[in-house]
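A.B. asks: Produce the entire structure from the sequences given, and follow the hints as far as they go.
Residue numbers (this note's numbering), protein chains in the order written: chain A, 52 to 431; chain B, 484 to 637; chain C, 68 to 451; chain D, 74 to 240.
Keep in mind the hints are simulated off the structure, nothing from the lab.
In this text, all values refer to a predicted model and were calculated from it rather than measured experimentally.
Built from N, CA and C at the ideal position, the CB exists for glycine as well.
Some hints here could point you the wrong way.
What the hints assert, rightly or not - Taking beta-carbon pairs under 7 Å as the criterion, some of the chain D residues facing chain A (in silico):
| no. | residue |
| --- | --- |
| 1 | 95 |
| 2 | 102 |
| 3 | 103 |
| 4 | 104 |
| 5 | 109 |
| 6 | 143 |
| 7 | 146 |
| 8 | 148 |
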Amino acid sequence: MEKVAIIGVGQTKYERNKPETFAELVFEATSKALEDAGISKDDVDNVVSVSSDFWDGRTISSMAISDASNAYGKDITTVEGDGTFGALYGMMRILSGSFGVTLVCAHHKGTESNIKGITNCAFDPLVERKLGIDAISSAALQARRYMNRYGVSEEQLALVSVKNHGNAMRNPLALLPMDITVADVMGSRKVADPLKLLDCSPVTDGACTLVLAAERPAKKLCTNKKRVWLRGVGHCSDAYRLGDRDLSDTRALKDAARRAYAMAGINDPRADVDLAEVYDAFSYMELMWLEGLGFCGDGEAGEQMERGIFNFDGELPVNPSGGRLSAHPVQVAGLQAMAECVLQLRGEAGDRQLNTPETALVHGINGMCGQSHCVWILGK
Amino acid sequence: MPDWKQEVDVMIDAGKISVPYSWTVGTTLSRFYCELRDNGKIWANRCPECGNVFVPPKVKCINCYQDLNDWLELPGTGTVETFTVVRYQEPTLHPRPAPFVYGIIKMDGADTGLLHFIDEIEPEKVKVGMRVEAVLEDERDGNILDIKYFRPVK
Amino acid sequence: MGNRVGIIGVGQTHHAAKRLDASGVELISEAVTRALDDAQLTISDIDAIVIGNMDHFENINYVDMWAIDGLGACMKPVFKVTTGGTTGSTVGACGYYHAASGLFDVVLAVGWEKNSESDTQAAIATCANPTLERDPFAGAIGPLATEYSMYMKAFGATEEDSAIVAARDRNNALNNPYAHSRQAVTVEDVLNSPMLSYPIKFLDMCPRSDGSCAVIFASEEKAKKLCPKPAWVHTSVVRHDYTHFGDLEWKFMPTLERASAAAYKLAGISDPLNEFDVAELYLPCSTCGVKWMDSLWFCEHGGAPGLIRKGTFNMDGQLPINPSGGVISTNPIGATALIRIGEAAWQIMGKAGGRQIEGVKKALCTGFGGCSWTDLMILGADLP
Amino acid sequence: MGLYEDKRKRTHTPEGYELLAHESGHLEYDFNWHLGYYWSRFLAELRDNKRFMATKCPQCGTVYMLPRQVCGKCYVEMNDWVEVGPEGELEGFTIVRFPYVDPNNGGMKEVPFTSIWIALDGADTRLMHYCNEHDEKDLDVGMRMRAVWSEERTGSIHDVQYFEVIK
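C.D. replies: Here it is in structure tokens:
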């Protein structure tokens with residue numbers, strides 16, 4: 052199979068109440084990505100944009116960014132979901148042989164909308180929606196089920212928040228770098244038991260663009276140092292209704308990870324992966340997803356978190372960027388995580404640079420309570 | 484940043500999307516809600532292949548993609564599988580003021596859970612594994628709020 | 068290079084103004100079940116699923132997640148793409164790229180809409196920039212009326228020319244059991260129907276429908292194994308060049324000109340009028356069935372009225388257009404452009420029933436939406 | 074084909090249950106759209122100076138009304154502002170007579186209204202706005218028009234009330 056590389060990344064700073072329009076954010080990220088790759092607008096032959104009509108408050112949300120994304124005269128399409136899915140479509144389009152260089156751009160302005168109303172619309176209007184459930188209250192149901200099944204404590208959840216906000220102290224793009232303790236998390240305002248404010252990610256604005264290229268243009272257009280290869284990918288969805296699933300079960304993630312590992316030739320993820328960016332929309336999610344990804348057994352992540360395994364200086368650093376807990380532009384989050392891993396693998400991660408990582412894992416989710424997952428393996 | 488941008492006061496447009504919807508309930512859920520509204524019964528349907536019983540009933544089995552023509556009445560009792568106490572107010576969404584309790588109730592006779600409110604108990608006393616029963620509204624309209632909430636089985 | 072890809076199954080619902088018997092998920096399951104039947108597959112043969120619609124039309128966020136029961140997608144890879152009016156063709160293209168990439172062998176692509184669930188015009192209004200364009204935006208009909216007025220002035224086209232197109236498509240729909248609007252009409256009926264926005268009259272314009280369509284794409288190896296006569300995808304091209312409604316260039320339909328020129332080049336087509344045997348075109352309005360024929364390079368600018376008056380695009384003409392009855396007979400928006408692909412595939416597979424054209428080797432399908440955006444796919448009976 | 078059951082006319086399930094619909098009632102989702110540097114300046118110019126300011130591409134020279142950051146064709150940032158209008162040519166119009174739900178408030182939109190595309194003098198793309206004429210007989214493509222300003226201007230596209238035909 053043809054190889055595909057990421058040859059450029061561009062990101063805005065992740066902030067609240069950014070003054071720019073969607074298009075202005077996309078232009079900033081995309082210009083930076085083209086500059087990073089050292090290519091011109093004409094080297095690109097197609098664009099995949101990632102945005103959501105609900106979050107943007109606009110039917111055909113991609114219409115607003117058509118010119119800003121360098122799509123004029125080119126083939127363009129729009130993925131509505133996490134950025135990891137947008138990158139997957141970018142890769143498919145290259146593998147089809149139809150395209151050589153793909154821009155994948157995502158934008159999100161969480162501070163312009165109401166997350167509760169918008170995520171309430173993710174639930175069936177014929178059944179659960181009338182009850183007023185949203186992303187936060189449904190996550191709380193999942194957190195309780197997970198903790199109850201495996202005996203995970205609220206303090207273990209809090210450790211994730213402490214670690215990720217601490218990691219963000221080294222990331223100039225993150226929204227919420229914080230030096231906090233478990234006691235701070237435990238003492239923060241109760242939102243929906245067992246979740247407290249510091250277990251939850253912040254609404255965030257920002258944009259991120261990746262440049263993907265087939266092997267030949269990747270080698271022609273840029274240096275070896277810039278190229279990071281897409282070695283494996285997999286995605287899978289669980290059932291829709293919360294009551295159809297055992298919310299503590301990560302079978303869809305396990306299936307997505309199995310596909311990605313098989314493609315990348317990874318047999319022992321704990322040994323073969325050097326860093327991971329995992330979708331921590333809520334603190335408990337990082338623990339569940341680490342288990343689903345096979346980095347430890349089911350129910351073991353909390354105890355391993357206590358041992359510092361996933362710390363910045365631990366055996367397997369997880370979310371060195373600060374994760375979604377430190378900046379969560381929903382549609383962008385997956386691309387933001389991919390960009391972080393690209394910088395780490397290139398050795399360009401500044402103060403948060405890890406020691407010569409070779410293989411990175413990126414995980415994105417879609418839907419409520421991690422109904423659907425997309426897993427990427429990136430390598431040098 | 485060019486000079487002219489530094490002189491701009493960026494404006495914010497406080498706008499809305501406000502459109503009403505009329506959602507078609509469809510063949511499967513119309514039967515469920517008619518039974519709930521008219522007869523005060525909770526019905527489920529069963530997969531002929533894998534035997535799974537779904538409530539609310541489904542158009543197809545999620546495992547086998549079979550039609551589910553086999554219907555059965557449930558007793559309306561179940562076990563709390565998980566719950567949360569919601570502490571924030573969101574009056575345009577929530578049918579009741581916070582704090583209140585959502586639970587997923589594994590229904591007796593079914594293989595799936597039902598999301599609903601748990602009431603007639605202090606939020607702090609709700610436990611996973613607790614036995615609960617459905618309490619119906621007296622005036623019913625044919626939707627999920629015809630179930631008022633679940634309460635502990637006495 | 069990636070895989071070559073064929074369409075091996077198509078299913079669609081019986082479309083209507085309102086399907087009270089079917090929720091959105093039930094509509095989807097109806098189309099999916101029929102596509103599986105058509106391909107003689109079961110859901111376990113499907114490796115990946117693609118879906119799209121227009122979010123604000125039914126107010127469903129994460130429609131790919133919500134639709135799982137209808138799609139048969141539990142514990143499968145499922146993917147959402149959406150681009151407004153072109154969503155159906157975007158879904159089709161995404162199904163194609165899934166299979167062409169080599170990552171998946173058999174891919175189910177699904178489009179759907181329940182336009183009866185909201186005020187379509189209000190939902191369409193939300194696609195304009197909310198601050199600067201939403202209030203004066205008059206919906207899809209405005210730009211279409213304007214472009215045909217100008218075309219009539221420039222080239223001597225008439226209201227009768229578009230009425231001929233309307234009567235053609237509406238009468239073709241009589242042969243299509245799935246069509247929403249099936250009513251015999253004459254050119255005079257069209258001309259005498261109420262004026263909506265000069266020069267567009269009621270019978271020139273598309274309806275709003277409830278409906279769904281599912282198309283199964285397969286890699287070359289699988290397609291040959293599973294289907295006696297697949298419809299092979301020769302190329303897929305998209306041009307979405309405009310950002311604001313005021314950016315449109317009125318005189319031509321530039322995205323259609325550019326997309327079709329690019330696609331013909333890729334597919335090795337030099338004389339489209341002669342080389343295509345059938346076309347299923349997203350003509351939201353009969354006036355487009357006149358003017359856009361120029362943009363598809365069937366003739367010089369201004370040549371379309373002459374071709375239409377000769378019957379070139381009738382069922383028995385040189386290049387039959389919209390044997391299904393087209394968009395003015397059936398319009399569940401998120402499915403509309405995918406129905407074009409499905410109907411064109413059936414023509415190649417010889418499964419188009421009473422609307423079958425004899426011996427179809429090459430077919431053209433288009434999608435239209437956004438601010439005059441174009442998607443385009445070319446299908447063939449032979450491998451590309 | 075054609076063997077499938079046509080269920081389009083059903084009002085009840087085969088077992089005789091009434092087919093229901095769930096009404097949402099009034100719904101609203103609030104947004105605070107930031108207008109960025111370009112649209113904020115455009116609207117401030119309407120409000121404060123009653124003039125239409127467009128952006129011009131430094132490469133191809135295209136003058137964009139509505140103004141914006143990027144010239145799509147050249148993919149360069151625009152920082153040159155030029156005044157266009159306030160007169161221009163009518164390029165297209167639609168008179169809307171059928172009321173529909175106004176997504177700004179969930180009520181019904183007031184009709185009739187006339188939506189126009191106007192090429193302001195000096196601009197290469199068109200502005201969408203209102204015209205005060207509501208009869209096709211009084212409008213023709215190519216007519217000259219001018220802006221009529223609101224007395225109270227707030228930094229909105231409605232600071233221009235509508236365009237009127239120059240008689």
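A.B. asks: A separate judgement is required for each hint: does it hold in the structure or not?
C.D. replies: Outcome of the hint check:
1. 95: holds (6 Å)
2. 102: The hint holds - residue 102 of chain D has a Cβ within 7 Å of chain A, the shortest such distance being about 5 Å.
3. 103: Cβ of residue 103 of chain D sits 6 Å from chain A, so the hint holds.
4. 104: Because about 4 Å separates residue 104 of chain D from the closest Cβ in chain A, which is inside the 7 Å limit, the hint holds.
5. 109: holds (4 Å)
6. 143: holds (5 Å)
7. 146: holds (5 Å)
8. 148: Status holds, d = 4 Å.
Going through the hint list in order, the structure satisfies each hint without exception.
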